[in-house]
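Residue numbers (my numbering), protein chains in the order written: chain A, 1 to 379; chain B, 1001 to 1379.
The reader is advised that the hints may include incorrect statements.
[As the list claims (entries may be wrong)] Computed list of lysine to aspartate or glutamate pairs in DMTMM-like fashion (alpha-carbon distance at most 20 Å, straight line):
no.: 1; chain 1: A; residue 1: K116; chain 2: B; residue 2: E1016
no.: 2; chain 1: A; residue 1: K128; chain 2: B; residue 2: E1119
no.: 3; chain 1: B; residue 1: K1116; chain 2: B; residue 2: E1099
no.: 4; chain 1: B; residue 1: K1055; chain 2: A; residue 2: E16
no.: 5; chain 1: B; residue 1: K1010; chain 2: B; residue 2: E1119
no.: 6; chain 1: A; residue 1: K128; chain 2: B; residue 2: E1020
no.: 7; chain 1: B; residue 1: K1267; chain 2: B; residue 2: E1296
no.: 8; chain 1: B; residue 1: K1055; chain 2: A; residue 2: E132
no.: 9; chain 1: A; residue 1: K267; chain 2: A; residue 2: D299
no.: 10; chain 1: B; residue 1: K1293; chain 2: B; residue 2: D1268
no.: 11; chain 1: A; residue 1: K55; chain 2: B; residue 2: E1020
no.: 12; chain 1: B; residue 1: K1128; chain 2: A; residue 2: E132
no.: 13; chain 1: B; residue 1: K1128; chain 2: A; residue 2: E119
no.: 14; chain 1: A; residue 1: K128; chain 2: B; residue 2: D1111
no.: 15; chain 1: A; residue 1: K10; chain 2: A; residue 2: D299
no.: 16; chain 1: B; residue 1: K1055; chain 2: B; residue 2: E1028
no.: 17; chain 1: B; residue 1: K1116; chain 2: A; residue 2: E119
Since the hints were made in silico from the structure, they are not lab data.
There are 2 protein chains.
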Amino acid sequence: MYITGIGRTKFGILSESIAELAYKAMYEAISDCPISIVDIGAIYVSNFLGSRYMKQLHFNSVISSLLPELRIPIIGIETACASGASAFYQGLLALSRFENVLVIGVEKMTDATKMKSTENLAMAGDRKLDQEQGIIFPANYALIAQQHMMRYGTTHGDLSAVSFKNHKNGNLNPLAHFNYKKVTQDMISKSPVISSPLNLFDCSPISDGAAAVVLSRYRKSSRDVEVIGSDLATDYISLVQRTEITSFTATRIAALNAFNQARLRPKDLDIVEAHDCFTIAELVAMEDIGICKSGESKDWVRKEKTALNGDLPINTDGGLKADGHPIGASGIAQIYEIVTQLRGEAGKRQVDSARIGLTHNVGGVGGTAVVHILRGLSS
Amino acid sequence: MYITGIGRTKFGILSESIAELAYKAMYEAISDCPISIVDIGAIYVSNFLGSRYMKQLHFNSVISSLLPELRIPIIGIETACASGASAFYQGLLALSRFENVLVIGVEKMTDATKMKSTENLAMAGDRKLDQEQGIIFPANYALIAQQHMMRYGTTHGDLSAVSFKNHKNGNLNPLAHFNYKKVTQDMISKSPVISSPLNLFDCSPISDGAAAVVLSRYRKSSRDVEVIGSDLATDYISLVQRTEITSFTATRIAALNAFNQARLRPKDLDIVEAHDCFTIAELVAMEDIGICKSGESKDWVRKEKTALNGDLPINTDGGLKADGHPIGASGIAQIYEIVTQLRGEAGKRQVDSARIGLTHNVGGVGGTAVVHILRGLSS
């Protein structure tokens, strides 16, 4: 199974409609590969909050309206913030029936007020156990951060280092939400507290954007990237239902299965896109994916091993933190970045001789996790 | 590909929570088949309006919370009112990877006010082209009915006859939303106008309910039903974007492809579940599926050919009209009914020697259509 085309819009506060954003990303993904739109057998659409932000559901039919030459299966997928990678996962399954499949993820979030966004995003948590108790997402991840600090000696400086690295990478990404201004250690440490110990710069932003990929059963060009591992796992939706909160079972299962499929181990990775909705999430992801042992992610960060020129660069596009987090698109944008890197087309942020990459996309506070392992084919 | 287990709740105004309804239907589907819940490789979840009615998204993780012994892929599917059959369609595709797949559809709608329901349901239509113009769903289908009457001489009596038949069938279905009272021709014709020419009895109700099926790659028991045709097609979301409104292109494509896969023709069908969200929709479906020619559905209805003892019984469970329309569950309840009939387990509403059945599930006003053809295996 191969990724043969990729496309995305800039992420940020955008003026285009959600349909325009989706069209742009799909058009670019098709233009990027040797096949034409009429060769596509099915389309998977990832969108999380259309029903809340713009009173639009049935988004698969909105996409169909944009492509009147096709009357093929187009299907909407929703697994909260993991919707993008889940749609990609479905796309891979659909290659059993179709030779080529398009996956499009899109979200339009910046039209709403901040209060509305908090309420909307909380729907990724349990209505009774989380929402009605006021456990919004920054609070969920703050609880995880507190436990991680207490148990492993992780400091707020370690969290800030993740943010600093991702903003630095974002500055090299022309499509990132935040790339227009240098983010300093001082800006990060002095940013307002959102939910202690998380400050503003520990949190990913509210963004608009779209990303798309074209999948093929057979190799189509020398720029193709092979998908060699793919798994999706689920867990209790709420932290209060779990015995362990500094580790996500769903990530551990999905990563283990994906590595087994790929017949690889974490040390074989050259580059990773980890779900950093909050800085602490990137540290927990490193441990759950198996990049390091539990509690050791802070040591990696202190040694700058995950920097662009480190042993294992993580979130080279800036991650959700700096690239942005238009939810339905985020999981697909991770694939976009790994493909770009494995093709050797990442420009200023190119990682030398990257051959194996991993993407990790999470729904809610670990209720869903999706891991993909990709291999570059170009010499 | 086989359906080996089915389960559903009663449809109607129910006191259970959405999670309780889902659990009940899944438990019954598993209890109905030779395999155990731990043999399930993946679960597809169909829900349309959880984000609006109960501020709950990420429903795949809610389902995961109910099944702590499983940490498998669970994925949410949404294609408006066709979500149920779309999840079933995904379940079939997933049999390429998993031996057994569970599909669960659920909706909880009766807690909201009528006004809220109208607004929520309108999200299956285009935000700008439909919602902002006030083209709510009864209005959409009224436009279709008006055209159908003008073009083909279909009368309001023909529409009422569909309602009368479906309520009569619903009275034989212990799980139907409406089964407790005899619906007379007089009640139908004197019911208030909703959107002319559609009266209250031309419209399906707002219901709660859940339905589930277990799919297997291999035959598991003598009660299994085989899936021999499956297609999903899409179209422009809004009627105003189309040149033809008395026929749904998506239904025509999905039906044609499903018949080709099954190597059957419409005249081979013994029983049909057609998407009768409004009475006119059942007539249009008959024509689009190919049961009769365009404009001839009224003749079939006048001759009572689609009645329980007619040539081709349609909506033997009462259809969306009388069985109810808990949106995420409806497409799966159609499968439930056909399986029940093909197994010969439909009790008072059993159709004699039914062997081939078809289900037809529509999203919005034909923006999505899904057709499945099933074959009974019992002697």
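Straight-line alpha-carbon gap K128 (chain A) to E1020 (chain B), limit 20 Å: Measuring from Cα to Cα gives roughly 14 Å; hence the hint holds.
Does E1119 (chain B) sit within 20 Å of K128 (chain A), going by the straight-line distance between their CA atoms? violated (24 Å)
Given the hint that K1055 (chain B) pairs with E16 (chain A), test it: the Cα-Cα distance must not exceed 20 Å. violated (27 Å)
Are K267 (chain A) and D299 (chain A) close enough, with their CA atoms no more than 20 Å apart? holds (16 Å)
Could you grab the alpha-carbon distance between K55 (chain A) and E1020 (chain B) and see if it respects the 20 Å cut-off? violated (27 Å)
Is K116 (chain A) within 20 Å of E1016 (chain B), Cα to Cα? violated (29 Å)
20 Å limit on alpha-carbon distance, applied to hinted pair K1055 (chain B) and E132 (chain A): With a Cα-Cα distance of about 10 Å, the restraint between K1055 (chain B) and E132 (chain A) holds, given a limit of 20 Å.
Check the hint pairing K1055 (chain B) with E1028 (chain B) against an upper bound of 20 Å on the C-alpha distance. Violated. K1055 (chain B) to E1028 (chain B) sits at ~27 Å, over the 20 Å cutoff.
Measure nothing beyond the straight line between the CA atoms of K10 (chain A) and D299 (chain A); if it is 20 Å or shorter, mark the hint as holding. violated (33 Å)
Holds or violated: K1128 (chain B) to E119 (chain A), with C-alpha atoms at most 20 Å apart: Roughly 24 Å between the alpha carbons, so the hint for K1128 (chain B) and E119 (chain A) is violated.
When you check the alpha-carbon spacing of K1293 (chain B) and D1268 (chain B), does it fall within 20 Å? holds (16 Å)
For the pair supplied as a hint, K1116 (chain B) and E1099 (chain B), confirm whether the alpha-carbon distance does not exceed 20 Å. violated (41 Å)
Checked against the numbered hints above, the structure violates hints 1, 2, 3, 4, 5, 11, 12, 13, 15, 16; every other hint is satisfied.
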